[in-house]
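**Q** Could you put together the complete structure from these sequences and hints?
Okay, here's what each chain looks like letter by letter:
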Amino acid sequence: MDMDLITNILYAMIRTGTPLLIIALGEMVCEKSGVLNLGQEGMILMGAVAGFIVTLLTGSLFFGFLMAMAAGVIMSQLFAMITLGLNANQVATGLALTIFGTGLSAFIGADFVGQPIQGLDVIVIPLLSDIPVIGKMLFAQDAIVYLSFGLFTALYWFFRSSRTGLIVKAVGENPHAANAIGLPVMRTRYLAVAFGGAMAGLAGGYLSLAYTPMWAENMSAGRGWIALALVVFASWRTERVLLGAYLFGLASILHLVAQGLGFSVSPNLLAMLPYVATVLVLVMMSRNQSRSKMFAPMSLGKPFHVGS
Amino acid sequence: MNTPATNFKPDRPKRLVMKGITKQYPGCLANDSVDLDICVGEIHALLGENGAGKSTLMKTIYGIVKPDSGEMIWEGEPIRIKDPAHARKLGIGMVFQHFSLFETLTVTENIALALGDDASDMKALAEKIRTVSARYGMALNPERYVHSLSVGERQRVEIVRCLVQDIRLLILDEPTSVLTPQEVNTLFITLRRLAEEGCSILFISHKLNEVKALCHRATVLRGGRVSGACIPAEEDPSGMARMMVGEDMPISMDYEKVIGEDVFLQVRGLSRISEDPFGVDLKHINLDVHAGEIVGIAGVAGNGQEELLAALSGEYTIKNHDAIHFPCGPVGHLCPEKRRRKGLAFVPEERLGRGAVPDMSLKDNALLTGFLTGLVKKGMIDHQATENFAQKIIQQYRVKTPHSGTHAKSLSGGNLQKFIIGREILQNPQLLVAAHPTWGVDIGAATAIHQALIELRDKGAAILIVSEDIDELFQISDRLCALCDGALSPIKATNDTSLEEVGQWMAGMFETENKTDATSAQTDIGAPHVV
Amino acid sequence: MLFKLEPRGEHSKAMAYLSPLLAGILTLITGGIFFYLQGNDPLYALKTMLYTPISDVYGLTELCVKTAPILLCAIGLAVVFKAQVWNIGAEGQLLMGGLAASALAVNIIDIEGVWVLPMVMLVGMLGGGLWALLAAWLKTHFNANEILTTIMLNYIALNFLIYSVHGPLKDPHGYNFPESAMFGDAALLPILVEGTRVHAGILFALFAVVVVWVLLSRSFIGFQIKVLGLDASAARFAGFKDKKLVWITMLISGALAGLAGAGEVAGPLGQLVPQISPGYGYAAIIVAFLGRLHPIGILFASLLMALIYMGGEMAQIMLNMPLAITGLFQGMLLFYLLACDVLIGYKIKFPWLGTKAAASSAE
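Chains as they are written, first to last, in full-length UniProt numbering: chain X, 1 to 308; chain B, 1 to 531; chain L, 1 to 363.
Hints in this document: simulated from the structure, not taken from any laboratory.
Source: prediction; values computed, not measured.
Honestly, I wouldn't trust all of these hints.
In silico contact screen, one side only, chain X against chain L (beta carbon under 8 Å); selected entries [unchecked claim]: (1) A88; (2) A106; (3) F107; (4) A229; (5) G262; (6) V265; (7) L282.
Under the rule of at most 30 Å between Cα atoms (straight-line distance), these lysine-lysine pairs were calculated in the DSS-like manner [said to hold, decoys possible]: (8) L:K347 - B:K319; (9) X:K302 - L:K244; (10) B:K409 - L:K347; (11) X:K302 - B:K409; (12) L:K347 - B:K363; (13) L:K347 - B:K377; (14) L:K347 - B:K400; (15) B:K409 - L:K243.
Glycine is no exception: its CB is placed at the ideal position from the N, C-alpha and C atoms.
**A** Quick look at the structure:
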């Protein structure tokens, strides 16, 4: 394997891993507060279609990404209203959000399928990007990739050292106790869900405005679900989400590797790889039940009603 | 226990005055124009049975519950407490019965969360926790994670959490129910010291002897109303008890102690490493329960009770089959259903969500464990027989319910417990294992349950009771022992032991027969231990 | 607060039945608004979607054709969901059932005999059942979350199906189209009404409804499934074997989804194609909830869902709407249902209406 191939694989790995990273970080915050939002796919797709249409109409990528995040937040608040406001089952509502978002995005975006768009450009940082092997991967990416680095750092600090991070963890572990000592359980959860929605929307925008860039029905291709598994894989720890996202990025571009190495495997079989990897990772991480119990937010998925 | 501090005079300035507090819940008047006043430096008891309205009243003070009417005066000023944060600002602290702690966080983090934004400097806070806890004789390590603390230590965290602030009124909800008698004494020393420094304390309890030993004045609640007030040191305990339970209730029954016949349950060298990282390992437990006797196991929660009960019920199977023996042979490897077929009945601690399915009817809940008594034929449910069985339980054990179609969750705790115990007893068990049989039920139901257990004993069944309530164990057990950190104390006839001795056992002060055997527990590993 | 939730002591039975109706009405209203925004006459559009497809006998028979796979998947999901095992994998199990049935059928095209069709169906059930058992095994032995594994298995099954029609199962005389050969007559489901596409699959589905009904309401296994779902802790206390129940419920639901897949390839399709299912397995999730996990409720909900599928196609043809309208209506329906379900367990009170109104609505 020559150097160029490795450099390019690493570059593609980060690029492919970035949407997963963003979604998974958002979902991790949401889950840390005790809410399980299975509607990632719906929010991503809505973000993707909203971002794409706005950019196509206004010509502004900035407004596109902003709209993508707004769409994600709106979708997430729909979920929050039903699960937190009306105490509905989080699993079922999350599924509903996915089905609804998939349908609505396809409906809205039907006229925009396949339209061309000028996607997000890479920003090459001089000198640093010339570092062999890792230069291109870290310093010749687009703005959203850099943003994801910042997002990771911010969240790492947030859960390690900030008081608000502590509150999110406390609310996710024991909402009744949190309520008893006067922490704003509901507000924390609404905000955490909104953050998850914003991130899913942003990742959707990344797919339709930078990664592909175009709009196609169902273009998220299960990334939302993979990100959910990633959070389990990461044991709800920020640094492991980063690791996992890039590992999955690598798994998703293995066909490039295979081509580079001159193997010929059916592309349909290779397309299974990320999903098979997800199952394997889930099995590996979950098999020790007491371990998962140590890390998962204790009230995850359980409804909480003030006064109950 | 010592007598209360004598330097208290009730003419001190009032810290809190409550007048005519009323709170109505759907179908229940929790507080009916309750009056209460607490002086500066006073330890005031709020006495009452379960369901008397104590919790509602203290939640009102702490701003969790909003009263429908009534007024509160705090240090001379009328006040409406908006929420717990407001209460804390005023200097009101509360120690909950079910602790409001976060297990995955450290002591410092737990305390910081409750303090609000002024607790930004974690290092300084940790230092303060160290000093405050040492000053009041409640040593705490601020860096430890709460899940690694014992129940007693967790209570200290709750108390210290109140003390690191400027505390003026400390509310403690049944604080002694989770402590050994010795720990209770230590707690009382701390509380007296606090009171001497001018802090007011509201001590919520249903244990008369503790109130008598600690409190300056007492207010007694019954059915949501103030049924009396007194100075405990001068009051006859039976008088206070009458105020608590009313005229028509028996206060307590004495049951004759008996000596059992043949051994039914034989536990030998039962050891088990817990799979749960927060669980307790069982250490070489030996125990005999004879037919026709009640054996009581005392102990503070979290000392291996759940694990022992799971091992006895069959929810955990034991690789060493011989560790648990019925007369028919070893049963350690058998599942719950097979053990039931061999004469076991079981009453778990959690009534709702274990002993009974909350969202199922009483009829379905009768089938839950009653399925071995001919209610299922060729895999199909005999609905008529199930209905008859449910009716029989409801009638014989006087379960108050409109009909057998009522969901389990809409029954009161006492009624549901009568139903569950009735369901188990009507299956004619030869061994009944019951966990905390009267926890949280009203006194009428508790008496009925005790009588049912004694009746079953007199019919020749072996009964094992695990409870945190020492008074209850002394009342109904024929023999007693205690569980501490997964090890079982010696067993003595109830008449031959004393509260002090059982208290020492609960604190782990006993010689196990073979301490080194705890290491042989390694052979029965459920899952690798995670650190 | 705009409104307050007050728990009911008992769940309201009436609301359990009313909630799906209410959700349906809200979906119609919202759908009408969507049509209006798109510049269509909302009433005409709704009529086109929900009445025109079944306004003649042929339409009714087509409704049966579409109902069969949805009903089979949903009735199986009723069983797993009762146990609170979240099998989201009916879609993948359906695909694997269709794939397995096809793999057998294309290899015995020339063989005749009455056993051919039962074998094809049985292999289809086996394909779906084993695919579901894989998730059950991952759950009971490795504690892997079944929602995520079944979803992943859906994607894997779809890719495997596509691989198969491009590779091993491709019709050698099919001009390189990604399709299998047409099945032999012996492997095809008999047509029930001459001149239509209604095949015996709908009979399988109706039979499954009856069996599941008996299972859940009369049998002790059904009782154990319900207890496990409502309260796993009580199930363990009673000594029910939770792992066994997970396997049984997953097997039932997977096999029925597999049968649905086999019914599609051996019924209306007659061969294996990449698009066996337009998301029947996902729609079945909505159907299961909409039908309150009750067999009769599910029967009606399946008919409605089949109608929405046909309505989507009709709207595409007559109103020039995107086919995605089907997914949109499905999602709204489930959303509204979950929101309306709050009324089963809670009373809604509006404090700003004053105490009088609140008091009168309390009873």
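**Q** When the structure is checked against the list of hints, which entries are broken? Sort them ascending.
**A** Structure breaks hints 5, 6, 8, 13.
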